[in-house]
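Could you build the full structure based on these sequences and the hints that come with them?
The sequence shown stops at residue 657 when you use full-length UniProt numbering, and every number in between is there.
It is worth saying that the hints were derived from the structure and are not from the lab. Remember, predicted model here, so these are calculated numbers, not experimental data. Keep in mind that a hint or two might mislead.
As the list claims (entries may be wrong) - Derived DSSO-like pairs: lysine-lysine, alpha-carbon spacing no greater than 27 angstroms straight-line:
id: 1; residue 1: Lys500; residue 2: Lys363
id: 2; residue 1: Lys434; residue 2: Lys363
id: 3; residue 1: Lys434; residue 2: Lys478
id: 4; residue 1: Lys400; residue 2: Lys471
id: 5; residue 1: Lys449; residue 2: Lys400
id: 6; residue 1: Lys434; residue 2: Lys546
id: 7; residue 1: Lys157; residue 2: Lys147
id: 8; residue 1: Lys157; residue 2: Lys400
id: 9; residue 1: Lys363; residue 2: Lys400
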Amino acid sequence: MEGHEGGGGDLDLNGRSPVQHLLEPLAPPPSLGCDQVFLRTRLVHWRRGVPRTDPGWTAGVSPDSGPGLSQQEMDPDLLLPGLMVGVDLRSHQNNLAHRTREMDGERLVVRRGQPFSVAVQWRRALPPRHYLDLVLHLGVKNEQVVKVQTERGAGDKWWFQQQGVQEDVLLTLHSPADAAIGHYRLAVLVMSPGGHMVEQVGRHFHLLFNPWCKVLDNSKKALKNSLKDLSRRCDPVYIGRTITAMVNANDDRGVLVGRWTEPFSDGVSPSRWTGSVPVLRQWSQSGTRAVKYGQCWVFAGVTCTVLRCLGIPARVITNFNSAHDVDGNLAVDVLLDASLESSGSSREDSKWNFHCWVEAWMKREDLPPGHDGWQVLDPTPQERSDGTFCCGPCPVAAIKEGNLGVKYDAPFVFAEVNADIVHWITYADGRRQKIREDQANVGRNISTKSVFGDAREDVTRLYKYPEGSRKEREVYVKAGRRLTEPGGEQTPEPLQLSIKHGTPVFGTDFDVMVEVENVQGSGAGGQLTVLAKAVTYNALFRGECKRRSVGVHVQAHAVHREVLRLRYADYAACVSEHHLIRVEAFLTPTGRRPVMAVANISLSTPELLVQVPGEAVVWESVSAHISFANPLPVPLRGGVFTVEGAGLLPATQVQVR
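Written out as structure tokens, the structure is:
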């Protein structure tokens, strides 16, 4: 996967990530005491005082706080703190206006580029000629301090306006559209006519990206200094790339540990997760200890949730027949020996039955025009990018046009949806013989959930031009993929193979039919081997289910059919939790090169039947009956239903009686 200048420093994730706290659930601020403050020529001196119990934190002024300043030099008003009762963040009203009410009903969560209001509550009237100042603090190390302007200025500055509301003062804050996101501390300062701080009250709030902002993602280039992370939190490209590294735990204190083979007994099986919130909550409550376990759809789901939470529009993408190209030659080379067993190493190319990643919508000011819009972000740890297990953001438009020189990781993503699948037979003397090449199998039915319901929306057209079109060939030439020129195909073999099957249910017996068709004018024969083996969705071998080898002879223009009966006992012991069986048919004609056919059979599982008797009435409890039919020839024991519903009930386990 590609590198980029300076990228390694962005994702040096040893220890705590620079944006790790952005993934953590919003937590109450720590209990802060009354800090005594003296402010003079922009110097602040802190002393720990007596703890307070009222909301937020306040600061008074001590006459002896400032070095070298006599009692006579101090403004008399500095001796009279206690003007403010507190600051009401108006969280309910602001969160509703900023579309964050479902995230948190108590704490303030707002979006950049959109104003929000807070109310200053007074214990007594503000003395004449006194005024308010606002200061924002962002970050812990290398903290950034932002002075909020009192009047509208340039579009890249924070500013506020003030108006009286009965005995309170309403302050409306305006953030720039490219403000850095994160956890802010707001200090409301009462200033004397002489410019001294009389009192301050502090509160905390979270600022997110704003997909509804008219100036969307107007990011700036990062400053190359010690404040690089803070300065780049305005940039969704940087944030998205860092999150893909943080969601997997391969290099840092990330969220999820990936595992594609059993056992999962020391954690949670990837197929048992029903949402992202339990994953993130466990990660946070355990002190950022990695959660076990995830696979591609879990990584993608958690990433999508985090991006949406931060205000970046995102959706999960599923690519059916997804290529994992290790060597970057835009081909997945499958190496088999004469017994159809894998002869490659653990680093060999592979074709996944499906693979999930995330698309995020953003502007790419770091790239030439034409690369804005949906960007691929893949948090599943597959290959390193700039030394870290992350992938993207990569413009979908660049993949469609074959522009593989753009940031980030375009060759890898292009191969996932466009690589050839090439099967080779390897012999004991080291020779290889190509027996099958498929240029149209990868990147089919690329899908996402429709915004109009639960239906599948096909987005293949966004990634590639129609199969066989002139534009598709131009893209392949640009990307460096091998092409089969018209008229340059090899002479078809006289014996053709195909595999036919139904949609069997897990637990039942079923048939797989292999057809050998003779397309020439004379009879032909050879040795046919049919192998059924259990695999995972990412092509890991789990065990051989059944094998049959027979000699066949097919008359001219005739078809021979061979049926392989797979019983439950054949696959029960080796099939993975993905319930996937791969059937390979291998024919060695007399005096001709071998022919091969491959089919993946996904065993369906019974659907749950949910029935709600009677009518559901708002604010009244309701009962539901859940049932399913056991298709297995053996009884099931110790089963558990896991039930949850957004806004209805948390994940609840019900033991099967």
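Hint check results:
no., hint, in the structure
1, Lys500 x Lys363, "violated, 46 angstroms"
2, Lys434 x Lys363, "violated, 44 angstroms"
3, Lys434 x Lys478, "holds, 25 angstroms"
4, Lys400 x Lys471, "holds, 10 angstroms"
5, Lys449 x Lys400, "holds, 21 angstroms"
6, Lys434 x Lys546, "holds, 25 angstroms"
7, Lys157 x Lys147, "holds, 9 angstroms"
8, Lys157 x Lys400, "violated, 38 angstroms"
9, Lys363 x Lys400, "holds, 17 angstroms"
In terms of the numbered hints stated before, the structure departs from hints 1, 2 and 8, listed from lowest to highest.
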